[in-house]
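*Asks:* Residues per chain, in single letters:
There are 2 protein chains.
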Amino acid sequence: MKKISEKNSADKPIGVFDSGIGGLTVLSEIAKLLPYENTVYLGDTARVPYGSKSKETVVRYAFEDAAFLLKHDIKLLVVACNTASAYALTRLEKQLHIPVVGVIRPGAKAAVAVTKTKKIGVIGTEGTIKSSAYTKTINTADRGIKTYTSACPLFVPLVEEGWTNNKIALGVAKEYLSEIKNIGIDTLVLGCTHYPLLKDIINKVMGNKVKLIDSAEATAGEVKRMLSESGQLTRRKTEARHKFFVTDSPERFIKVGKKFFGVRLSKAKLARLEGN
Amino acid sequence: MKKISEKNSADKPIGVFDSGIGGLTVLSEIAKLLPYENTVYLGDTARVPYGSKSKETVVRYAFEDAAFLLKHDIKLLVVACNTASAYALTRLEKQLHIPVVGVIRPGAKAAVAVTKTKKIGVIGTEGTIKSSAYTKTINTADRGIKTYTSACPLFVPLVEEGWTNNKIALGVAKEYLSEIKNIGIDTLVLGCTHYPLLKDIINKVMGNKVKLIDSAEATAGEVKRMLSESGQLTRRKTEARHKFFVTDSPERFIKVGKKFFGVRLSKAKLARLEGN
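Top line first, the protein sequences correspond to chains A and B.
Position one of the first sequence corresponds to residue 1 (the working numbering), numbered consecutively onward.
Position one of the second sequence corresponds to residue 1 (the working numbering), numbered consecutively onward.
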């Protein structure tokens, strides 16, 4: 892990970006686990979603998002978007001078720790599934594990529409999950930050024996571990400040984002990125 | 209508842009009606969709799309995206030196011509519905007509997923359309270029008495009329050339786009716009 040498760097904020609002599930877990850490969040709502776009485009967007957050003098960068983590994490780690945490490694590790049958299911966007990032990471930890993947493009629009627990959501979940279910996995990675909002429905389809892995919690744990190991946890004991930026429609972001982050999300500023 | 003074301007191509692949339904009707006209199509697949984004952002994107097509020396610009037509058409008409055709006026006119009960339904993206562009245009033509609108955010992802005629599509359509249906409209405007692919399902929900208006056909008619009135129809009688550009994933565009435009869509080039 890279270290930060300047004075008081432990009091700098944590930067978090996502293609839109989904990353707020990750931010929410970070704020729960590290209540004194200031954060700066960027949602690229002008170009959302990333999940159906190409690797080249997502990498370009990820670097533009990172550049914006770096201007806010962050001490650590969280890539709270599975697609961006799948496509851009290695390059970001190489090129940035601060530590970078993605959502895939923590989620994969948590799944490996939980599975007994060594059959893990992974669901995500087209991009995340196509990248095989979860499969590779899981197999780096344990070659004996078999993964079964399914891209679920309609899950994000369902969540954005607020249809997280109706007949339609159930029908869509059955369509996407029936094949994975029949294979007999015991662990299912929710490989997209929107999916935790569909937990009830996914649980209904998969049954109680299948453990659902939400990367958000695992990622917050990884952030804490990294900051703690490098002595970068803040020593302040005052209430944290959370700043929000979006590239489009702050009002819409606040309205939908409250479902993820509650009342602490009452203000968001419009950000203009370099490439957009 | 603005006129073009240079020599041979009638042989210049028609420019068409959309946020992604939906505009191919419009291009397809233009090619059917005007088989000798060359065309240049731009799909802004790196930033799709436009329907959930703000007016300011969509206007900016529309001008960047137009600027790209103008470099291809087009004689007329078709805004084949309802959201971009709703938000940006007036400004494009004012600022460009060539004629501009949107999809809303032709669709609205066709609906006004068809309705007998003077109750027209309009469905579209969040942006299109929020703009009230159809309602305003319909009421400019006939103040006595009442319009009933419904935003259908899940229709586009359903089409992109290829789920145009299954139980889930039917369930979603029922959810979005039942209120409009109960009002007793006799005409329904499909105010998004993706929706014609859901015609069967929409028809099933609305019943045979409700006439569905597909802007694509009406828009092609308007393009023909404008070119014809200004003497700008090509006189060549050779097979037309259709060029395709996208801002992301040409392969994906070709794969999905074939559903809309058939075998004539076999090649698409990556375009880099100024703002993106």
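The set of hints was computed from the structure by calculation and includes no laboratory data.
Some hints could be false.
Where chains are identical, the list cannot tell them apart; a pair therefore holds if satisfied intra-copy or between any two copies.
To be verified - Taking lysine to any residue and the SDA-like style, the derived pairs with C-alpha atoms no more than 20 Å apart in a straight line are:
id: 1; residue 1: K32; residue 2: E251
id: 2; residue 1: K130; residue 2: G221
id: 3; residue 1: K199; residue 2: Y36
id: 4; residue 1: K55; residue 2: R252
id: 5; residue 1: K174; residue 2: G184
id: 6; residue 1: K136; residue 2: K243
id: 7; residue 1: K269; residue 2: T137
id: 8; residue 1: K32; residue 2: S54
id: 9; residue 1: K224; residue 2: R60
id: 10; residue 1: K174; residue 2: G162
id: 11; residue 1: K199; residue 2: G162
id: 12; residue 1: K211; residue 2: K259
id: 13; residue 1: K71; residue 2: K109
id: 14; residue 1: K116; residue 2: H97
id: 15; residue 1: K55; residue 2: R272
id: 16; residue 1: K267; residue 2: G221
id: 17; residue 1: K109; residue 2: T39
id: 18; residue 1: K174; residue 2: T164
id: 19; residue 1: K237; residue 2: T90
id: 20; residue 1: K130; residue 2: G162
id: 21; residue 1: K267; residue 2: S54
id: 22; residue 1: K255; residue 2: N182
id: 23; residue 1: K136; residue 2: V59
id: 24; residue 1: K259; residue 2: S9
id: 25; residue 1: K167; residue 2: L177
id: 26; residue 1: K12; residue 2: G231
As the structure is a prediction and not an experimental result, all values here were calculated from the model.
*Asks:* Are the hints correct? Go through all of them and say.
*Replies:* A quick look at each hint next to the structure:
In the homo-oligomer, the alpha carbons of K32 and E251 never lie at most 20 Å apart, since the shortest distance is 24 Å inside one protomer and 42 Å across protomers. Proximity of K130 and G221 under a CA criterion of 20 Å is satisfied in neither setting, with 27 Å inside one chain copy and 41 Å between copies. In this homomeric assembly, K199 and Y36 never come within 20 Å of each other (Cα to Cα): the closest approach is 28 Å inside a single copy and 54 Å across copies. Only between protomers do K55 and R252 lie at most 20 Å apart by alpha-carbon distance; the minimum there is 13 Å, versus 27 Å within a single protomer.
Taking the closest pair of Cα atoms, K174 and G184 come within 20 Å of each other only inside a single copy of the chain (15 Å); across copies the shortest separation is 34 Å, beyond that limit. For the homomeric pair K136 and K243, neither the shortest alpha-carbon distance inside one copy (34 Å) nor that between copies (39 Å) is at most 20 Å. With identical chains, the CA atoms of K269 and T137 are never at most 20 Å apart, being 36 Å at best within one copy and 34 Å at best between copies. For the homomeric pair K32 and S54, neither the shortest alpha-carbon distance inside one copy (33 Å) nor that between copies (32 Å) is at most 20 Å.
Proximity of K224 and R60 under a CA criterion of 20 Å is satisfied in neither setting, with 28 Å inside one chain copy and 40 Å between copies. Taking CA atoms no more than 20 Å apart as the test, K174 paired with G162 passes in both settings, with 18 Å inside one copy and 17 Å between copies. With identical chains, the CA atoms of K199 and G162 are at most 20 Å apart within one copy only, with a shortest distance of 13 Å there and 25 Å across copies. Proximity of K211 to K259 under the C-alpha cut-off of 20 Å is found in neither arrangement, the shortest distances being 24 Å within a copy and 39 Å between copies.
Taking the shortest alpha-carbon separations for K71 and K109, neither the intra-copy value of 31 Å nor the inter-copy value of 50 Å comes in at or below 20 Å. For the homomeric pair K116 and H97, neither the shortest alpha-carbon distance inside one copy (38 Å) nor that between copies (67 Å) is at most 20 Å. In the homo-oligomer, the alpha carbons of K55 and R272 lie at most 20 Å apart only across protomers (15 Å), although the nearest pairing inside one protomer, at 22 Å, exceeds that limit. For the identical chains of this complex, K267 and G221 are neighbours neither inside a copy (27 Å) nor across copies (47 Å), given an alpha-carbon limit of 20 Å.
Taking the closest pair of Cα atoms, K109 and T39 never come within 20 Å of each other, the shortest separation being 25 Å inside a single copy and 51 Å across copies. Proximity of K174 to T164 under the C-alpha cut-off of 20 Å is found in both arrangements, the shortest distances being 13 Å within a copy and 17 Å between copies. In this homomeric assembly, K237 and T90 never come within 20 Å of each other (Cα to Cα): the closest approach is 34 Å inside a single copy and 54 Å across copies. Taking the shortest alpha-carbon separations for K130 and G162, only the inter-copy value of 18 Å comes in at or below 20 Å, while the best intra-copy value is 27 Å.
Taking identical chains as interchangeable, the C-alpha atoms of K267 and S54 lie at most 20 Å apart only when they sit on different chains, with a minimum of 17 Å there against 32 Å within one chain. Neither within a single protomer nor between protomers do K255 and N182 lie at most 20 Å apart by alpha-carbon distance, with minima of 38 Å and 30 Å respectively. In this assembly of identical chains, K136 and V59 lie within 20 Å of each other by CA distance solely inside one copy; the values are 19 Å within and 42 Å between copies. Taking the shortest alpha-carbon separations for K259 and S9, neither the intra-copy value of 32 Å nor the inter-copy value of 54 Å comes in at or below 20 Å.
Taking CA atoms no more than 20 Å apart as the test, K167 paired with L177 passes in both settings, with 15 Å inside one copy and 16 Å between copies. Taking CA atoms no more than 20 Å apart as the test, K12 paired with G231 passes inside one copy only; the shortest distance there is 13 Å, against 65 Å between copies.
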